[in-house]
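In the order they appear, the protein sequences are chains A and B.
Residue numbering for the first sequence follows my numbering, beginning at 46 and increasing consecutively.
Residue numbering for the second sequence follows my numbering, beginning at 5 and increasing consecutively.
What the hints contain is simulated information worked out from the structure, not anything from laboratory work.
Every residue gets a Cβ at the ideal spot worked out from N, C-alpha and C, and that includes glycine.
Among these hints, one or two may not hold up.
Unchecked claim - Derived EDC-like pairs: lysine to aspartate or glutamate, alpha-carbon spacing no greater than 16 angstroms straight-line:
id, chain 1, residue 1, chain 2, residue 2
1, A, K456, B, D313
2, A, K456, A, E345
3, A, K456, B, E315
4, B, K203, B, E56
5, A, K456, B, D258
6, A, K460, B, E281
7, A, K268, A, E91
8, A, K564, A, D508
To be verified - Take a look, some chain A residues computed to stay more than 10 angstroms from chain B by CB distance:
id, residue
9, G406
10, R435
11, D541
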Amino acid sequence: MSQARASRAGLKLGIDVGGTNTDAVVMAGDTVIASAKRLTTREVGEGVMGVVAAVLESAGVRPGDLSHVMVGTTQFINAFVQRRDLQPVAALRISLPKTDGIPPMVAWPADLIEAVGERHYLIGGGSFYDGKEYAPLDIEAVRKAAQDIARSDVRSIAITSNFAPVRPDIEIEAAKIVASVLPDADITLSSEVGGLGLIDRENAALINASLRELSRQVVSSLKQAFARIGVTAPIYLSQNDGTLVSTDYATRFPIVTCSAGPTNSLRGAAFLTKMQDAIVIDIGGTTSDFGFLVRGFPRETATPHHIGGVRTNFRMPDVLSVALGGGTLVRFQGDGPDAAPRLGPDSVGYQLGERALVFGGSELTTTDIAVRAGQCDIGDRERVRHIDERTTQAVLDAIHRRIEDAIDQMKTNSKPVPVVLVGGGHVLISRELRGVSQVHRPQHAEVANAVGAAIALVSGRVDKIYDFAALGREAALAQARREARESALAAGAEPDSIEVVDVVELPMTHMKTGAVQVKVRAVGRLVDAA
Amino acid sequence: MQIIETDQDIQDMARGAVFLGSGGGGDPYVGELYLRRQRAEGRHARVVKAAELPDDAFVVSIAGVGAPTVLVEHLVSTTTLLRLLEASEKFYGRKIDALISAEIGGANSMFPLALGARAGIPVIDGDGMGRAFPHLEMTTFSVYGCPVCPSLLMDDSGNVVQVYATSDRTAEDIVRATCASLGSMIYGAFYPMSGKQAKALAVHDTISHTLEIGRRIRKARESQTDPIGDLLDFLDQPAEHRHARRLFNGRIVDVRHETREGWHWGEALINSGRGEEPEFSIEIQNEYLVARHHGRTVTVVPDLIAVVDAESAEPLTAEMLSYGQRVVVIGYSAAPIMRRPESLKVFGPRMFGINEDFLGVEQLLPAHEHSAP
Numbered sequence: 046m047s048q049a050r051a052s053r054a055g056l057k058l059g060i061d062v063g064g065t066n067t068d069a070v071v072m073a074g075d076t077v078i079a080s081a082k083r084l085t086t087r088e089v090g091e092g093v094m095g096v097v098a099a100v101l102e103s104a105g106v107r108p109g110d111l112s113h114v115m116v117g118t119t120q121f122i123n124a125f126v127q128r129r130d131l132q133p134v135a136a137l138r139i140s141l142p143k144t145d146g147i148p149p150m151v152a153w154p155a156d157l158i159e160a161v162g163e164r165h166y167l168i169g170g171g172s173f174y175d176g177k178e179y180a181p182l183d184i185e186a187v188r189k190a191a192q193d194i195a196r197s198d199v200r201s202i203a204i205t206s207n208f209a210p211v212r213p214d215i216e217i218e219a220a221k222i223v224a225s226v227l228p229d230a231d232i233t234l235s236s237e238v239g240g241l242g243l244i245d246r247e248n249a250a251l252i253n254a255s256l257r258e259l260s261r262q263v264v265s266s267l268k269q270a271f272a273r274i275g276v277t278a279p280i281y282l283s284q285n286d287g288t289l290v291s292t293d294y295a296t297r298f299p300i301v302t303c304s305a306g307p308t309n310s311l312r313g314a315a316f317l318t319k320m321q322d323a324i325v326i327d328i329g330g331t332t333s334d335f336g337f338l339v340r341g342f343p344r345e346t347a348t349p350h351h352i353g354g355v356r357t358n359f360r361m362p363d364v365l366s367v368a369l370g371g372g373t374l375v376r377f378q379g380d381g382p383d384a385a386p387r388l389g390p391d392s393v394g395y396q397l398g399e400r401a402l403v404f405g406g407s408e409l410t411t412t413d414i415a416v417r418a419g420q421c422d423i424g425d426r427e428r429v430r431h432i433d434e435r436t437t438q439a440v441l442d443a444i445h446r447r448i449e450d451a452i453d454q455m456k457t458n459s460k461p462v463p464v465v466l467v468g469g470g471h472v473l474i475s476r477e478l479r480g481v482s483q484v485h486r487p488q489h490a491e492v493a494n495a496v497g498a499a500i501a502l503v504s505g506r507v508d509k510i511y512d513f514a515a516l517g518r519e520a521a522l523a524q525a526r527r528e529a530r531e532s533a534l535a536a537g538a539e540p541d542s543i544e545v546v547d548v549v550e551l552p553m554t555h556m557k558t559g560a561v562q563v564k565v566r567a568v569g570r571l572v573d574a575a
Numbered sequence: 005m006q007i008i009e010t011d012q013d014i015q016d017m018a019r020g021a022v023f024l025g026s027g028g029g030g031d032p033y034v035g036e037l038y039l040r041r042q043r044a045e046g047r048h049a050r051v052v053k054a055a056e057l058p059d060d061a062f063v064v065s066i067a068g069v070g071a072p073t074v075l076v077e078h079l080v081s082t083t084t085l086l087r088l089l090e091a092s093e094k095f096y097g098r099k100i101d102a103l104i105s106a107e108i109g110g111a112n113s114m115f116p117l118a119l120g121a122r123a124g125i126p127v128i129d130g131d132g133m134g135r136a137f138p139h140l141e142m143t144t145f146s147v148y149g150c151p152v153c154p155s156l157l158m159d160d161s162g163n164v165v166q167v168y169a170t171s172d173r174t175a176e177d178i179v180r181a182t183c184a185s186l187g188s189m190i191y192g193a194f195y196p197m198s199g200k201q202a203k204a205l206a207v208h209d210t211i212s213h214t215l216e217i218g219r220r221i222r223k224a225r226e227s228q229t230d231p232i233g234d235l236l237d238f239l240d241q242p243a244e245h246r247h248a249r250r251l252f253n254g255r256i257v258d259v260r261h262e263t264r265e266g267w268h269w270g271e272a273l274i275n276s277g278r279g280e281e282p283e284f285s286i287e288i289q290n291e292y293l294v295a296r297h298h299g300r301t302v303t304v305v306p307d308l309i310a311v312v313d314a315e316s317a318e319p320l321t322a323e324m325l326s327y328g329q330r331v332v333v334i335g336y337s338a339a340p341i342m343r344r345p346e347s348l349k350v351f352g353p354r355m356f357g358i359n360e361d362f363l364g365v366e367q368l369l370p371a372h373e374h375s376a377p
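Let the hints inform the model, and build the full structure from the sequences given.
Right under this line is the structure:
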């Protein structure tokens, strides 16, 4: 960035709406000026207004001074997993004469089917791996399906066609027909949300379709909240890979925000410590989430994964979740001084302030042990003085061992790795950790997720099969890079800041020589508001 | 006769099929979903022992042929499979009494079961290799007197190819070329055989074996006992000519992929974390073919090599391997019929370009000596 641009960078507000807490930071350039934390409210906007008012006051900044607002939220994935606020969907699969043996939504959990229904249509059309059609799109069948949907209460449709990443135009054409019959329906195209693998990509599109209405409500609630406070800056939402999307994009693709929370924690931790490669541990009230930073970005899962019982393949950070946090209940197996401590898996969560010993409650939590050991000073220390030293150390042993085991699982070789501790529960860690070169506890660790939101970049991606034999490897890769850059530009990136950060080539096994799946990601800085 | 009744059984079988696939066979998820779909519609697969069939029964193998990366898009069509069944009966001039899998490793363990469930035809508890292999001539059927052809190939668009070939190797080449010309995913009827031949030539009980292996892994996981130790105890039964060894326990430090002459070559390197030099390697040619510890061969094809997740014992195909995974490598003896001299001539190490003679895993690693902790 040029110096002129840097000085115009302005004040950024980063917010993370979590399951329990809503955190906020105000940043001027690369510096955190102020932070605040409040409980998340059922109607998201309220909690946001509270935390934003608090952080602006703390920063001494007026709402109108903010240049950008970035929001990361786990609302959507929580809603999907809990089957809350989902809308009924219809699946339109363009694939006949292929795939009729496994229609959409096979093996979906019963409670999900209950929430969104199982309306589906199989339509003629689709592409081979090389982009040639094996059957023409059955336009009449698409129209009939749309008319049938129109007679139902479904207004959110997921369109998936065979090998769509190679031939997205087939889905686009079908979407036009559906839109002509149902102009107000929400349409999700599988090629826009998932990679190769029909079932996994179709599921990603269906998950997205079920969240459209909720995403509009959440975005609207956020916008209203900001307007009421007097914030006029453009609002962005974080997506799974740690980059930003506009609110319009987020209402069309809520699925891309699903794991923004953990991603932002990881990126925030990287930023606060200036580390590019490290394991980040976010110790919360109930769980510790472990992520792996590679060149400043979270390592992503390699294989298909399950979300809410549904197998899918949209990109998620590789996060290992361990049931150990500040509110984890401590019990003992056996009696006497040699009783072995058992940590959780249950936790008092956000009820720490009522149920933990140090706060006058009657339950022993890891926080109580941390206070007894002098690792943090909250609540009333007298209430835990009775816990003997041996017991305290035994529990600390167990805590550190659990953390060390998880670190070991995340590592890719035996070399000691730096660890960044974030989250309120970081006070549990007081000793050197095995396999770790250095432990970093940055300032503002408890709001690393909001920082991650604030520093986010914009990105563009490409995931297609290219014919290396026909194009030549260099030309094919150059084309893929170009398309990724264009995609980043369309997302709002500053043209001269765009960089290609990842290029993956996967030769297609068993296919004619030369077919290669290429995935490219490009990122860039957000174009500054004037 | 055994009836596959629950989704749990189907999931266990898919897990076991990946284990026996020795790295290949493709993601069985497609086959698993297909079989679950049949069950959800009230159609259950029936599995019979070959011995239960009359000698003059007519048995055919139904298999998918193509690229795993295309299978996950094109899935499977019931219309096509039923058409294939009908066309096969006309082609062979006989009603089909039972189906048999050509390849128990991977997705092809599931397709005959699903088609059998749909069409009401029993499936023999067995297959042609007890694992996965890339070529049609690499089956016990082919080696011991039941040729691949006459075969019938079909795609979903109504294209049908009848194949008559002078050798099974040539049949493989013709089928592969047909597959490539039709979008890299076709289904076919192969190895028409009698009940008597099925009894003599099949690797028996392999469907039951996938169920047992998959169930064993899951149960050990659920009860929080060591799933890998438990699995090894189960597999290693020298009295039944079954030998299993824990070959290595470590982390994948490199996975190289290369396509040469249309086949996927690869190598996975694994370290136990005690040094910089990779200690353990697996050479991959669609399947895991040879495992070496510090350069010394510890298991080689046709014996099976399984790579499982170190925590969950979940078996992994070659496509699923990636940098940083903690895995345990297991060597498992191939069925005795697979180790005979005639078999080794077709799918022994030298047929895959590995310049060594076959030695069984129990010879390479006698019982009292394990490869590594």
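Each hint, compared with the structure:
no.: 1; hint: A:K456 to B:D313; in the structure: holds (15 angstroms)
no.: 2; hint: A:K456 to A:E345; in the structure: holds (14 angstroms)
no.: 3; hint: A:K456 to B:E315; in the structure: holds (14 angstroms)
no.: 4; hint: B:K203 to B:E56; in the structure: holds (9 angstroms)
no.: 5; hint: A:K456 to B:D258; in the structure: holds (14 angstroms)
no.: 6; hint: A:K460 to B:E281; in the structure: holds (13 angstroms)
no.: 7; hint: A:K268 to A:E91; in the structure: holds (11 angstroms)
no.: 8; hint: A:K564 to A:D508; in the structure: holds (4 angstroms)
no.: 9; hint: G406; in the structure: holds (31 angstroms)
no.: 10; hint: R435; in the structure: holds (27 angstroms)
no.: 11; hint: D541; in the structure: holds (33 angstroms)
In this structure, every one of the numbered hints holds.
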